[in-house]
Amino acid sequence: MPLIETFLAAYIMLTSVATLIISLYGVFYKPHLTKKIISITIFGDAVNIFSAIVGFRYIYPVAPPILLTENPTAQDLTNFLEVAVDPVPQALVLTAIVIGMAVVSFMVFLALNVFRIYHTLDTRKIAEQRKRSEE
Amino acid sequence: MNTKTVISLLVIISSLLAISYAIADQATGVIPQTGLRNLASFYLENTLNPSNKSYWTASPEATSAIVWDYRGFDTFFETSVFYLAIVGCTLVFELYEPPKSKTTKQTELGLTIIVKVITKIVGILIVCVSASIALHGQLTPGGGFQGGAALAVLPILFIITMSRFALDRKVNDTSMIIIRALGLCGIGITVILPLFLGFITNNNAYIIQNQMKPDALVSLPSTIADKMMGGSLWMLNVSEYIAVGAGFTLAFLLLSLPERSFKKILEEEKYATY
Amino acid sequence: MIDLILTIIGEILIAVGVFCSLVASIGMLRFPNFFVRLHAATVGSMGGSFLPIIGAGLIALGSDFPDKWMFFGGLIVAAIIVMLVSPAGSHALARATHRARVAPVEPKVTDHLKEDEDEKEGEKD
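These protein sequence lines map, in sequence, to chains F, B and C.
Here the first sequence is numbered in our numbering, starting from 308 and rising by one per residue.
Here the second sequence is numbered in our numbering, starting from 112 and rising by one per residue.
Here the third sequence is numbered in our numbering, starting from 513 and rising by one per residue.
Please keep in mind that the hints were generated in silico from the structure rather than gathered at the bench.
Please read all numbers here as calculations on a predicted model, not as lab measurements.
For every residue, glycine included, the Cβ atom is placed at its ideal position computed from N, Cα and C.
One should not assume that every hint holds.
When the alpha-carbon atoms are kept at most 25 Å apart in a straight line, the in silico DSS-like pairs for lysine-lysine are as follows [unchecked claim]:
id : chain 1 : residue 1 : chain 2 : residue 2
1  : B       : 115       : F       : 337
2  : F       : 432       : B       : 374
3  : B       : 338       : C       : 632
4  : B       : 324       : B       : 338
5  : F       : 438       : B       : 374
6  : B       : 231       : F       : 432
7  : F       : 342       : F       : 432
8  : B       : 115       : F       : 432
9  : F       : 337       : F       : 438
10 : B       : 115       : F       : 342
11 : F       : 432       : F       : 337
12 : F       : 343       : B       : 227
13 : C       : 626       : B       : 227
14 : F       : 438       : B       : 115
15 : C       : 580       : B       : 227
16 : B       : 231       : B       : 211
17 : B       : 211       : B       : 324
Computed beta-carbon distance windows for the label pairs [unchecked claim]:
id : chain 1 : residue 1 : chain 2 : residue 2 : range
18 : F       : 329       : C       : 607       : 38 to 46 Å
19 : C       : 542       : B       : 120       : 40 to 48 Å
20 : B       : 191       : F       : 441       : 35 to 43 Å
21 : C       : 585       : F       : 309       : 35 to 43 Å
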């Protein structure tokens with residue numbers, strides 16, 4: 308592979324790994340529950356983008372994994388195999404998006420109920436209030 | 112530095128090292144690749160192959176074929192995860208009184224008439240577009256979940272422009288739960304359908320089977336009126352469309368509940384004892 | 513021939529869209545207050561996204577694409593949705609801002625909406 312393409316591939320890898328690590332930092336160190344939820348969605352999106360790159364092919368006539376003829380011959384299939392990208396990571400990303408959506412909606416509902424009870428979403432203040440109520 | 116900080120730092124650094132090592136060691140293959148992996152070429156070659164029908168799915172869209180046919184079990188459990196998440200949401204919000212509007216006049220609720228009329232027109236368009244996304248799932252990018260997510264824009268728009276009470280007259284939680292159960296029943300029936308066909312025709316059959324396999328000669332109709340339907344794919348897509356659309360509508364209906372329907376109950380239950 | 517004409521019309525529409533987007537971004541940065549900036553934003557969404565979507569549809573129609581009518585139809589529906597939603601959205605924004613009285617209404621000759629609202633509040637009291 309020529310130099311510029313190697314550089315581009317390394318750049319994409321670095322940015323996606325950096326996004327992963329930054330979102331992990333947000334999950335662990337940000338005290339606000341909303342920011343934790345946002346960090347988790349960013350984590351899922353970074354993983355999804357990474358998987359999409361894993362399935363990509365670096366060739367010139369590149370096509371989505373969809374046959375355009377309804378009755379393909381053997382020649383059509385050979386041409387299709389030469390240009391189509393990998394469909395497996397796309398299917399995995401589809402599954403991951405649905406599960407991420409379900410998890411995030413459940414977390415939002417829980418956070419809303421936490422807010423109704425404690426009137427705040429800051430974990431430090433919630434811990435303080437719990438300590439006070441135990442005394 | 113307490114123990115918690117140290118453990119979090121360790122987790123972050125070790126995951127960074129693990130991902131970096133995996134990429135540098137090319138566990139995922141060369142990125143970006145120029146060839147195809149064996150699994151991918153198997154799927155691409157067999158998804159619509161009229162000359163060799165032993166592993167085909169009768170769908171030109173390889174991603175849909177993987178999602179609902181080759182890896183149907185994954186998607187089945189993914190659907191159940193979504194189902195359980197919505198069940199959990201309804202359980203968390205179980206304790207509420209059905210809210211009543213302060214006014215009964217339609218004109219006093221929501222935004223101005225311009226926005227309401229536009230919302231109604233756009234609502235029809237949204238239903239058409241989302242149904243088209245779901246019904247063409249076996250031919251073009253799209254499918255049940257995408258169509259359902261597009262349909263779920265409609266209740267949000269209605270809640271914002273016409274208020275929740277206007278939406279309450281048309282749909283409520285119970286009807287949404289019933290519609291969602293109908294969609295899930297559609298998925299269940301489509302999954303078990305090959306077993307019935309195999310029982311009638313005295314053949315082997317698998318759960319979530321779509322087209323005939325070398326050891327199970329049962330197949331669902333791949334074309335209806337000369338249109339490619341992809342066997343079970345379109346039934347699963349339509350069922351998922353209904354289930355996801357109704358599930359999201361239920362979630363948004365619960366999220367838009369006014370606070371006053373919770374506060375009384377929370378005080379009665381003495382959750383807030385601090 | 514007709515393919516060439518369609519492609520050229522589509523390219524002209526996309527060029528107009530680029531111009532509108534540029535003008536709208538300059539307006540967003542340079543205009544003095546909220547209501548005038550809202551005008552610039554609507555120029556951006558109507559000229560900068562409605563016209564280029566139609567242009568892309570015409571280009572798809574002019575090329576020898578398989579299933580080009582499907583792409584054209586999808587793009588036209590998207591354009592219609594943008595055309596309907598963007599004015600209604602900026603109307604709702606402007607109305608909400610005016611009712612909350614957080615932005616000065618400038619330049620103005622007279623403000624009938626404010627007078628009406630004041631009258632209504634007077635009746636309630």
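Each hint tested on the structure:
1. 115(B) x 337(F): With Cα atoms ~13 Å apart, residue 115(B) and residue 337(F) stay inside 25 Å; holds.
2. 432(F) x 374(B): 20 Å, holds
3. 338(B) x 632(C): The hint is violated at about 60 Å.
4. 324(B) x 338(B): The hint holds at about 22 Å.
5. 438(F) x 374(B): Measuring from Cα to Cα gives roughly 23 Å; hence the hint holds.
6. 231(B) x 432(F): Distance ~44 Å between residue 231(B) and residue 432(F) Cα, so the pair is violated.
7. 342(F) x 432(F): 15 Å, holds
8. 115(B) x 432(F): Given that 25 Å is the threshold and the Cα spacing comes to 18 Å, the pair holds.
9. 337(F) x 438(F): OK: residue 337(F) and residue 438(F) at ~21 Å, within 25 Å.
10. 115(B) x 342(F): 19 Å, holds
11. 432(F) x 337(F): 13 Å, holds
12. 343(F) x 227(B): 36 Å, violated
13. 626(C) x 227(B): 22 Å, holds
14. 438(F) x 115(B): 19 Å, holds
15. 580(C) x 227(B): 34 Å, violated
16. 231(B) x 211(B): This hinted pair holds, its Cα atoms lying about 24 Å apart.
17. 211(B) x 324(B): 57 Å, violated
18. 329(F) x 607(C): 38 to 46 Å: Once the Cβ atoms are compared, 39 Å apart, the range 38 to 46 Å for residue 607(C) and residue 329(F) holds.
19. 542(C) x 120(B): 40 to 48 Å: About 46 Å separates the Cβ atoms of residue 542(C) and residue 120(B), which means 40 to 48 Å holds.
20. 191(B) x 441(F): 35 to 43 Å: Cβ of residue 191(B) to Cβ of residue 441(F): about 38 Å, so the range 35 to 43 Å holds.
21. 585(C) x 309(F): 35 to 43 Å: 41 Å, holds
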